[in-house]
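Student: Letter by letter, the chains look like this.
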Amino acid sequence: MISLQNIEKVYRTTNIETLALNNISLNIAKGEFLSIMGPSGCGKSTLLNIMGLLDAPSKGHIKIADQTTDKLNDKQLAKFRNQKLGFIFQSYHLINDLQVIDNVELPLLYRDSTAKERRQLASEALEKVGLSNRMKHFPNQLSGGQRQRVAIARAIVGRPEIILADEPTGNLDSAMGNEIMDILINLNKNDGTTIVMVTHDEHMAQKTHRLVRLFDGSQVL
Amino acid sequence: MLKNYFKIAIVVLRRRKFFTFISLFGISFTLTILMVATAFIDRITTDAYPDAKRDRSLYISGISEVGYKTNWMRRSPTSFYFLDHYVRSMKTPVKVAISSNSASTNTYVNDKKITIDYKYTNAAFWDVTDFKFIEGKPFNQQQVANAERVTVISEDIKHEYFGDEPTVVGKYIEADNVKYRVCGVVKSVPITTYMLYSDIYLPYTVSKGNYKDKGYFGAYLGILLAANKADVPKMQKEFDQIAKRLPVDSKDYDKVIVKAESYMAAYLSNGNEKGLSGLTLATIIIGVFAFLFMLLPTLNLININITRIMERSSEIGVRKAFGASSVTLVYQFIVENLILTVIGAVIAVVLSLIIIHFINSANLVANLNLSINISVLFYALITCVLFGLLSGVYPAWRMSKLNVVTALKA
Chain A
464 MISLQNIEKV YRTTNIETLA LNNISLNIAK GEFLSIMGPS GCGKSTLLNI MGLLDAPSKG
524 HIKIADQTTD KLNDKQLAKF RNQKLGFIFQ SYHLINDLQV IDNVELPLLY RDSTAKERRQ
584 LASEALEKVG LSNRMKHFPN QLSGGQRQRV AIARAIVGRP EIILADEPTG NLDSAMGNEI
644 MDILINLNKN DGTTIVMVTH DEHMAQKTHR LVRLFDGSQV L
Chain B
145 MLKNYFKIAI VVLRRRKFFT FISLFGISFT LTILMVATAF IDRITTDAYP DAKRDRSLYI
205 SGISEVGYKT NWMRRSPTSF YFLDHYVRSM KTPVKVAISS NSASTNTYVN DKKITIDYKY
265 TNAAFWDVTD FKFIEGKPFN QQQVANAERV TVISEDIKHE YFGDEPTVVG KYIEADNVKY
325 RVCGVVKSVP ITTYMLYSDI YLPYTVSKGN YKDKGYFGAY LGILLAANKA DVPKMQKEFD
385 QIAKRLPVDS KDYDKVIVKA ESYMAAYLSN GNEKGLSGLT LATIIIGVFA FLFMLLPTLN
445 LININITRIM ERSSEIGVRK AFGASSVTLV YQFIVENLIL TVIGAVIAVV LSLIIIHFIN
505 SANLVANLNL SINISVLFYA LITCVLFGLL SGVYPAWRMS KLNVVTALKA
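Here the protein sequences come in this chain order: A and B.
For any residue, its number in our numbering is found by taking its place in the first sequence, counting from 1, and adding 463.
For any residue, its number in our numbering is found by taking its place in the second sequence, counting from 1, and adding 144.
Just so you know, the hints here were simulated from the structure itself, not pulled from any lab data.
Incorrect hints may appear among the rest.
Per the computed footprint, the stretches of chain B lying under chain A, defined by three or more beta-carbons under 8 Å from a beta-carbon of chain A, are [to be verified]:
no.	region
1	147-158
2	396-409
3	460-467
Virtual Cβ for every residue (Gly too), placed ideally from N, Cα, C.
Take the sequences, apply the hints, and build the full model.
Tutor: Now the structure itself:
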């Protein structure tokens, strides 16, 4: 599903060059639930961003859903992300000015869909994460766990084949973290969604199919 | 999509009330001033009273002589003789109105000083123009030929001179120590229509000046009326032929220049033979003024917009991650900015109506009744869209270039 070949990412400033990722090659199968672990600053998020086409590698090739993404322009990348990928962030990144339902609808705005269809799909997604009674609330009226569930609903509303989650339980206590993890496991199991999750939490990582460890930008496991 | 943009635009506006106030104040204040100015220009350029036949008329507002060797130039309104002799002999015009510049004199009624502006005209003046007669009628050809001391007066001077008398036809008005019998009263013309404005209109034959003088220079203006709109180019051509053949009457000068022009061109005519015409010059000046006037609030708005948009970098990151392309985001922010400008425009329309009401009721320029009509609104709308685009495009473009990862970290 996702194939990374010799990925390298270098950050350059005028006098310092930082190697964030060093020759990473990774294949993730369709329907796999993979977790990436490692100490802070080891390049986990950078790797996830590159997989999500939010950042470009300095070297190497990426293939997602049988498509090479190296030569896509801004518009094509946007369309690709919209249709194939869903993102979950540690700090949720909900738009506080919009109601829960409007937040969930967001990815559908960039597709050909009617308002009615959008509403329908967003309601279904919210139902899946158990928040159909919070549609008209604003994000700041919800608890951390609820916000992350809204973020999951937003990630799945467009039915993407891949979900990329950057420390989805990082800001939550263990009970809420477990709840979120259960939702992700169900998505993977029932819908066959491929999930790549960056985490600090060994316990959460153990629940996934495979674990990849990074250290100083290199893959160690 | 648009509904979504609208929703978020309103929320964003409400979130930062002070910024919104500053932005709206800048927009509405600028647009108000531009709209009132447009109303002024619109009234001056398109008001058809009292010359409703502008589209089939040509105006002669002045004549110049230039000396290429001496580098001299003189310009003034034309003489009565020039209009009567050269212009009235033309075949295409059905009528030629001749009227003098207005001059003023003081007169006293019940020890109160009144300044009266007077203008000399021929009888055709009343046929070419469409003055609205409130009472009486214009003086005719015969009365002009007989040099009768009759006059058509404006409604304003009627009230000022005669007070509340219901009818004044047949009564006498004194100007410049001569008594004239009132034969008609017309609706007043604002002073901005300077080619036709006056308080009293008199037959040219009663003029104390020498209207028989054969020089080119004098104090008269001419309006040539064609039978229909299609004849105007023909009339123009005939006039140009005459103008070309005018003999030079002084050895210091080489050429006589006189033009028959459209109302606006004549209104702004500067007699400049080679450089920019008065009309072009006025258009450029007004354009530059409007641009400069809009520049400052636009820069201010750009600045505020950048701050505003950068505050929303997390939202930009999320939208990009979930499939918005840079172009889509630019579009969204421009739409949001246009919504802001439209709100500003609505406030500006209300403010303009209040200011125009004030200008009209205070009678700052007598008889110049300003109004916000369709064309003023149309120009205001264009200005507003331009304003919205100018101040929205740059911040939107800068923001759309933001890297997603950076945007999400901010």
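Student: For each hint, tell me whether it holds in the structure or not.
Tutor: Right, here's what the structure says about each hint:
1. Closer than 8 Å: that is the beta-carbon criterion, and the region 147-158 of chain B has 6 residues meeting it against chain A, so the requirement of 3 holds.
2. With 0 residues having a beta carbon nearer than 8 Å to a beta carbon of chain A, the region 396-409 of chain B misses the requirement of three or more and the stated coverage is violated.
3. Closer than 8 Å: that is the beta-carbon criterion, and the region 460-467 of chain B has 7 residues meeting it against chain A, so the requirement of 3 holds.
Figure legend: structure checked against the earlier numbered hints; the only hint not met is number 2.
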